[in-house]
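Heads up: the sequence lines are chains A and B, in that order.
One point on numbering: in the UniProt record's numbering, the residue at position 76 of the first sequence is 76, and numbering is uninterrupted.
One point on numbering: in the UniProt record's numbering, the residue at position 84 of the second sequence is 84, and numbering is uninterrupted.
These are calculated hints, taken from the structure and not from any lab test.
Quick reminder that beta carbons are idealized off the backbone N, C-alpha and C, glycines included.
One thing to keep in mind: the hints can contain errors.
Listed below are the simulated DSS-like cross-link pairs for lysine-lysine, each with C-alpha atoms no more than 30 Å apart in a straight line [as the list claims (entries may be wrong)]:
1) B:Lys317 - A:Lys161
2) B:Lys317 - B:Lys335
3) B:Lys181 - A:Lys45
4) B:Lys181 - B:Lys317
5) B:Lys181 - B:Lys335
Pair ranges (Cβ atoms, derived) [what the hints assert, rightly or not]:
6) B:Glu57 - A:Ala315: 41 to 49 Å
7) A:Gly244 - B:Thr133: 52 to 60 Å
8) A:Val35 - B:Phe306: 24 to 32 Å
9) B:Glu295 - A:Ala142: 56 to 64 Å
10) A:Glu221 - B:Gly114: 29 to 37 Å
11) A:Arg282 - B:Arg257: 52 to 60 Å
12) B:Cys246 - A:Arg13: 28 to 36 Å
13) A:Ala139 - B:Arg113: 30 to 38 Å
14) A:Glu34 - B:Val15: 50 to 58 Å
15) B:Glu131 - A:Gly314: 53 to 61 Å
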Amino acid sequence: MSATVHPPVPEGRQELVLERIEAFRRRRPRLTDEVVTLAHGAGGKASAALIDAVFLEAFRNEALEQLGDGALLPLPSGDQLAFATDSYVVRPHRFPGGSIGSLAVHGTVNDLAMCGARPSWLSAAFVIEEGFPVAELAALAADMAAAAAAAGVTVVTGDTKVVDTGAADGVFITTAGVGLVPAGRRLAADRVRPGDVVLVSGTLGDHGVAVLLARGDLDLEADVTSDTAPLAGLVEVLLAAAPGTRWLRDPTRGGVGTVCNELAAQAGVAVVLQESALPVRRPVGGACDLLGIDPLYVANEGKFVAVVPAEEAGAALTALRAHPLGADAAVIGRIAGEPERIVLLETSFGGSRIVDMLVGDPLPRIC
Amino acid sequence: MRFVDEYRDPAAARVAVRRITELADGGRGGLPYAFMEVCGGHTHTIYRHGIEQLLPETVELVHGPGCPVCVIPMGRVDDAIALAERPGVVFTSFGDMMRVPGSAGSLLEAKARGADVRMVYSPLDALKIAEATPDMQVVFFAVGFETTAPSTAVTLLRARERGIRNFSVFSNHVTIVPPLKAILESPDLRLDGFLGPGHVSTVIGNRPYDFVARRYGKPLVTTGFEPLDILQAIVMLLEQFAEGRCEVENQYTRVVRDEGNPIALAMLQQVFRLRPHFEWRGLGFIAQSALALSEDFADWDAERRFDLPGVRVADPKACQCGEVLKGAIKPWECKVFGTACTPETPIGTCMVSSEGACAAYYTFGRLHRTAAGLAAASS
Ligand code: SF4
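Pulled out of the complex, with its shape left as it was, chain B reads as follows (with noise of 0.2 Å):
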């Protein structure tokens, strides 16, 4: 826990924000830095730890595409009802997954009217279901970036080790590179820098980021996932500004390395194949972003061993997901935010996940600036 605590430390985090207060000094031609974190778990760093209210008004911070719960599209999660609602189909999924809403419903509505949903906290568990019970279909909803995606092959491949015949995969998994080029490649883009996502790096790496600043002269810095990691890359980012650098750098360098993991990107490359295209909630269809498995896992494919409907489902219409995701309007300019949607009737995704920017802002932040003075005041 030690190790916990001193990435928590509140003196080191006033040091850390003088910093930050002093090189952001006057902004960026008179608005304020504009950093995204592109990952969820950022996001709930933030705010569980109310950063935002730590940070001078020349920083802000916009949240990214990063949570993987977020970018599902109601369709896929349709698929997912379809199957969990086939007889003789055991349907196991994250937590999270279970309350996103699809066109009719949630999986959490489905199990309640009589579906065979259940919580899973690792692709292992729906594996060890999975054997306990062989006369049943175990069908695991797998969704997340490089992140998880690992611990989906591990299971694939013991799945097929141990020759377990009624076990499949329905992959949703997506990559990180290309929903940035997107994000990048827009034409109004007015953000200075990306604080990069820590836990898909331990995977792929540093290197795949490099045109960040390469291509597109935006500095980004690899982050971890305590507090004082955001704010030190925050200085970081600040500083490549000051010296006039553009680089991506490393603050997660406990963890990450450059080159990422070898073996477990090798297991990806064995186990999954790059689709064409996938769709992205709210941000449309976005080419070789998703991971399928591969022709030598086909047997464990739940998208082929059972006939899935596929319908492509609209947004609906109300929702501002993908105006959240890419950063374009902050949570609480959604226009049914927290009164039409709100963690516990969510439109959108953004509003399910602890990660998602809408619920973060709703459960954690849901504050204005005076308000936390007020308490502190009042005392």
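Okay, chain A solo, but in the shape it has when bound (with noise of 0.2 Å):
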């Protein structure tokens, strides 16, 4: 065998290496699995390829392929109507700071909030697995009704499937949503621009990592607490404060480093974000640590990531700040033009890193 060091390599080879890479990454990702993996849940690259193989194929129309968090369908007011639907199969049911019947509120309310909408209307559909107490059934509805007064919508209509042991984990919860966006408002990619701030409503990584450790697997105790919490009142005190606001969107699956890939690509633009400024409580950055995972990737289920011109940005984090869901907002980094669809990390230590797409989600059913 042999260890060799080259002499420096011509300049410019690298860069178009770096070249071919990113032309390839552009390219609509193939699906080429024969069977489904866990990986095409994780929400990444495998995941895309088998909603772009399978579901957009089958449905393919106009606001369907939009792929946001819900779909906005015009009314003849001029308001628009979001609509938005998610599965929940988060294990374990409880977890500290909420429950699978808190999350399916919330986890539907805030995809809502996310396309600026105001949340009015939920449906609940439940796939129970044989066997399952009913007086926990009652108690996870209690949590959906609590979250549902607290979020200010109605769970209208529902559905009940029982199915035979070990055809379902327990209980899995679907819910709908509706809710509207007044007429003028538009929060969307195509709206970022070079120079804008990067705000996070609070802290990172406290849902994803406190389910974690309440599944129990890891010798490791921490005290922490689901952030889950529904956000609409909060957008609210955003848009208020900074009109001007580009874009929203809630980092859950994948977290604040996912969501800032998707902003990079469609907005064409450099995401840059700012180690020391990313606000993470102490022990969940030590069980990060431990883990070896980064809160980058850790999902939250009460937080937003913002994009607002700069010169609101003072206003938006006072306005957040004051109010109980945002104590810990943050500007975190900005919009930068090049380069393009990249997200940079400027690190604590004066380095600077890219921060990509995940690959295989290390973390179990957190949603």
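These two chains come separately, so use the hints to put the complex back together.
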């Protein structure tokens, strides 16, 4: 065997390789697998390939092709109807700070809020495994009722199915929701401009770490509570203080790193984050360090990432921090023109690196 | 946490970088100083904190063979999948290993086809599963250097003590010194020194590396895993050159003792024996470079309990992992890097683990100095 160090490679060759890779990355992901694996559910490139090849192919239409958190449908009044749906399979069903019930309400309410909608009505469908205790089901329903009341939405329709033992894991919940986006409000990646500021409404990674620890398969204890919460109220606070807000997203599965990558790709910009500005609670940071995971990729259920014009950033931050759900809000970065479609992190150490799409979610079912 | 912050202090980093720039001025005979970081953990730190961009062009870091996932050959992955697909077997593995491609897919794909494959964070978790499911055979896919071998040993000792018979270990533990020797033996070696592995050395100590300086005339500095550790170790290597010394030194004194950890070493002695030879991905067979279970623990040895195909499978043609593991090429110089081979569709093992040079470069470093500068300038 041999170990050689090349003389310095001719200038330019590395750039060529990097360009080739960027071109390759822009291609639409292709589905080559024969069976569905967990990777198809992890929110990365594999998920995109599956959705593209199977669902978009079957249902293709303009509203779906936006692939947003929810669909926006025009109404004669000039308002828009926002419509979103999500399934919840988190294990365990209860974790510090919430349950699959409260999560099923918050998740869908937040998807609507990220479109700029005021959520109004929800549906709830339950797939229940034979043998599931009624008392537990009632407790989950009570959680949902409380969460709905707090979010100002009503559960107006639903469905119940029971399946054989082993055909589901206790209970799975699917909710769908509708809300109205007032006329004139438009939050979209194409409004994002170089020079804009990136904000986050609070600390990163609380939900993912809380659920991971609640599963109890790690010999690790830390005082971490899920951040699951409805965000529609906080969004209204933000939009009042920063009416020029360009874009909003709740960094659930895949975390802040993933939504910033989606933004960079959709808007054709660079998102430049500052490691030292990322708000992370100590126990969450400590657990992530121990497990070798990056809080940037850990799920949140009560936070949003917002892009606002630089001149409105100060007002936005002050308003968010005055709200109980936004007390830890922070400016975490800015939008730059280049390098296009890339998320960069300026490390606290003084270097910089890429924050890429995550491959193969290291975390088990968290939502 | 203060402990960690202290080793990520940007002001201290600037001081170290200035010192490195002074010491490395002019390079070595017109070429940059080439230092190999032996351990995958270092590769990860280097990329994660963007250390390469902080260094002057007169210092080049070369990634070494110390990523445990990267060195597992295809045949062993096939064996693991064969085990996992046996009825009645629960196959447990660290998450990274589940994505490593064998000749017919990965463990993750075997799981999707119906095999009972479960991710664990430690071998003790696997033992817990065995206790909870006494009618299943629970196998643990053990990988790693002397760093992780002690926890496998503890688990086996506990299994014996509690008489847990439905548990076994498929050992792929490897040792660090033989591949290091193999790299040093290579005729066209052009490395100037080594950042020695920190975690491994907490177990084996600093002494086993003496030969690197004495026989091969290359300095080695055992290095910790925080970004400042890496910079300090580079300073120590360069100081050796400046002062005309060539020694094995220890930067990671807060953790590593010269004699290592005698308790862990005794445990390894008891539970494992050296294999006469073991195949390393891309590096071929290396004598006495891996650990099998000792006779005392034969009853817990998956290789003896089950029939394994044990077929040697050639690496895919396009794969240049061997060259990458030896530091002969940079990850991006591999022909399939970033196109056919990506973290989502890995061809080689170096693209799987976040400690693998290709994966680390792809996910964190895929950026030229000029591009990093662009973002800074356009803000
Ligand atoms: S790019 Fe892929 S095939 Fe090439 S060396 Fe790296 S891991 Fe191996």
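### Violated constraints from the hint list, given by number and in increasing order
Violated hints: 1, 3 and 11; rest satisfied.
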